[in-house]
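Asker: End of the sequence shown = 731 in my numbering, gap-free, step of one.
Because the hints were derived from the structure by calculation, they are not lab data. Heads up, some of the hints might be wrong.
[To be verified] With a straight-line Cα cutoff of 20 Å, these simulated SDA-like cross-link-like pairs (lysine to any residue) come out: (1) LYS703 with ARG693; (2) LYS643 with SER695; (3) LYS327 with TRP289.
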Amino acid sequence: MVMVMAMVKSRSSSWTSPRFRLKYRFIFFACFLVSCVSLIWVYPRPQLPPPVPSKGEIHGGQDERVGGGDKHSDRLPGRNGTKIEVPRFFKEIQMGDKRKRIGMINMEEDDVGEWELIGDPFHIRFDRVSSLIEWKGLFPEWIDEEEKGGVPPCPHVPMPEFGEDEGVGLDLVVVKVPCKYPEEGWNRNVARLQMHLVAANVAVRSRNRSLRVAVLSRCRPMMEIFRCHDLVAREGDWWVYEPDHSRLDQKVALPVGSCRLAMPLWGQESNEIDHLPKSQRAATARKEAYATVLHSSEAYVCGAIVLAHSLISTGTKRDLVLLLDNSISRRKRAALALAGWRIRLIERIRNPRAKKNAYNEYNYSKFRLWQLTDYDKVVFIDSDIIVLRSLDMLFYFPEMSAAGNDKWVFNSGIMVIEPSDCTFAALMELREDVVSYNGGDQGFLNEAFVWWHRLPRRANFMKNHWSNSTAEAAKKDRIFLADPPEVYAVHYLGWKPWLCYRDYDCNWDVKNRRVYASDAAHRRWWAVHDGMDRRLQRFCGLTRRRMSELDRERTKSRLKKSPDHHWRINITDQRRLTSNLIVL
148 MVMVMAMVKS RSSSWTSPRF RLKYRFIFFA CFLVSCVSLI WVYPRPQLPP PVPSKGEIHG
208 GQDERVGGGD KHSDRLPGRN GTKIEVPRFF KEIQMGDKRK RIGMINMEED DVGEWELIGD
268 PFHIRFDRVS SLIEWKGLFP EWIDEEEKGG VPPCPHVPMP EFGEDEGVGL DLVVVKVPCK
328 YPEEGWNRNV ARLQMHLVAA NVAVRSRNRS LRVAVLSRCR PMMEIFRCHD LVAREGDWWV
388 YEPDHSRLDQ KVALPVGSCR LAMPLWGQES NEIDHLPKSQ RAATARKEAY ATVLHSSEAY
448 VCGAIVLAHS LISTGTKRDL VLLLDNSISR RKRAALALAG WRIRLIERIR NPRAKKNAYN
508 EYNYSKFRLW QLTDYDKVVF IDSDIIVLRS LDMLFYFPEM SAAGNDKWVF NSGIMVIEPS
568 DCTFAALMEL REDVVSYNGG DQGFLNEAFV WWHRLPRRAN FMKNHWSNST AEAAKKDRIF
628 LADPPEVYAV HYLGWKPWLC YRDYDCNWDV KNRRVYASDA AHRRWWAVHD GMDRRLQRFC
688 GLTRRRMSEL DRERTKSRLK KSPDHHWRIN ITDQRRLTSN LIVL
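Please model the entire structure based on the sequences and the hints provided.
Answerer: Below, the structure is given as C-alpha cells:
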C-alpha cells in the first residue's frame, strides 16, 4: 500500500492530462482491491460445523463420496491419514455420569483410542465371511421351496457369538463398512452385507432401545437394514441411526438371503398367522393397506376392478388404495371406487432413461407408493393379478419381501413395502444414476433393495411355462384350477385375460407369447370376473380396435396352421356384439 502511495506522489506532476489521471486512478483502485482481498484471505476464518440432519432427513445418494483416500479401499482414513476420528457430534454429546459402552466392529486398534474419551469401547469379534461365497449363492435363482430334499441350505455368513450376558447393555455400535463404488456389482458385495448384519445383530443383542448405530462408509448404508427414516445425524462418511428395535429384531431373524424362504409353506387347513415366528407376529404394523397403481392409460382399469373383487372375496379388512393419474376418466374412477378402491390422484414420475412415448416412460410412478405414509405397511399388487387366498399374513413381513423372478432378482408384482418420505426421496435421487436391467421399475427397485426376503412362488404364481414341456403345462394347469386354491395369487404375464376372447387364452396365437398361454388360468380369471357386480363387468369389454387385432392374430395363426389348433375354436364371446363394445 505504501509503494502505491509513493508511486502516485512521484507522478503527480504528470496528472495534468485527463488521460493520465484516469490511468492512475484505475491502477490505484486495482491495487487497493488486491490488498483488501489478501487481508481477508490470510485472516483466520471460523470453521463451521457440518450440518446435522434432523430425524428422517435424507442426505446424499448411494454414490455419494465424501473424504479422501482411494475410492476402492476398504480403509477410510481420518483427517490425519492414519486413523479414524470420532465424529464431532459425538464429542459434543452430554454424556452424563455414566460411561457409555461402545461395541466396535471392523475397526483397527489405532481407531479405538479417541472413542475412550466418550466411553468404554471394545472390539466385537467375529469370523470374516469366506471370499468364495458369491452373491448368487445367497440369492439363488431357484430353491426347493417344498423342501422335498430337506431345508434349502444357505451359505454361512458368520455372526458374533456371545456368552450369556455378553454384548447386553451397549449404548453405541460403531461399524466400518467397505465401499467398492463405482465397481460393477459394488452394492452386491457379501462382505458389505456381513458388516451390516453383524451391526444389526449386535444392536438387537444389546436390548437397549435407545442404542445408536454409527456406520462409517462412503456408500450410503443399506436402507434394507438401517432405514433412512432412522437416520439422525450425518458428518462426512459417518451415518448415525437410532434404529427401531422391534423392526431390526425381525430382520435379523430372517434368512441371510433368498436362499431360504422368509415365509414358510403351510397346509391347507393351518392357521398361517399362528405358524409365523414370534418376532414376526409381534412386529405387525398398526395401519395397513393393499395398493396398486394405474397411470398413462386405461388399459388396466378392468384388471384393477377384478383385483379389488378378488381381494375382498378373501375376507380382508385392510384398506384398498389405488394411485392413479389424470389419464383415468371420471366415469372409470367411479367404477374403481365402486369396486372398493380408495382413490388417490398422483402426478406421474418419468423414467429419465426411457424414450419419449415408450411403454416404460412413466413406470417410475410406482415410487409414489412410498408416499403412503399414513400407512405403516403396504402390500403392492399389480393389476394383472388375482388373489385366490388371503395374503394378509404378508403384512407381518418387512420391506422388501417378494417372490423370486430370475437370477438374484425379485418380482415386483407383489411386494411388501414400508412407506417413508425419506425412502421416496432416496429413490427419486437415484433415478439418474441407477440403470434398470429391464428398463422398468422392477430392474430399478432390484438395484435399490438388493437385500430382499423370499416369499414362496405360491404367493405370486406366474402364468408361464418356460420349459415349454407338456408335463410342466399339465402340472401348472392343475394348480390354476385347484379347488380349494393351492396358490395365493396368479400373475398373468403376456396378453391379459380381458384383452383376449373369453373362449381361450389369446397368447396361443402369437408364437413368442406361447410361453404365457394357459387356458386353465384363463378360465380361472374369468370365473373371478363373473362373480363381480354386473355393473362393473361392463368395464372389461373389448374395443373395436382390440377386436380387430385379435382377429388378425387368429388369422395368422390359422394360415401358419399352429399345432395348438386354437385358431379352430369357434368364438362365442358376447363382448363382440356391437352393443357391448367399449367406445373410447
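Asker: Taking only the CA atoms, is the gap from LYS327 to TRP289 under or equal to 20 Å?
Answerer: With Cα atoms ~28 Å apart, LYS327 and TRP289 exceed 20 Å; violated.
Asker: Does the alpha-carbon distance linking LYS643 and SER695 stay inside the 20 Å limit?
Answerer: 16 Å, holds
Asker: Just to be careful, I want the Cα atoms of LYS703 and ARG693 compared with a cutoff of 20 Å; is the pair within it?
Answerer: 16 Å, holds
Of the numbered hints stated above, the single one contradicted by the structure is hint 3.
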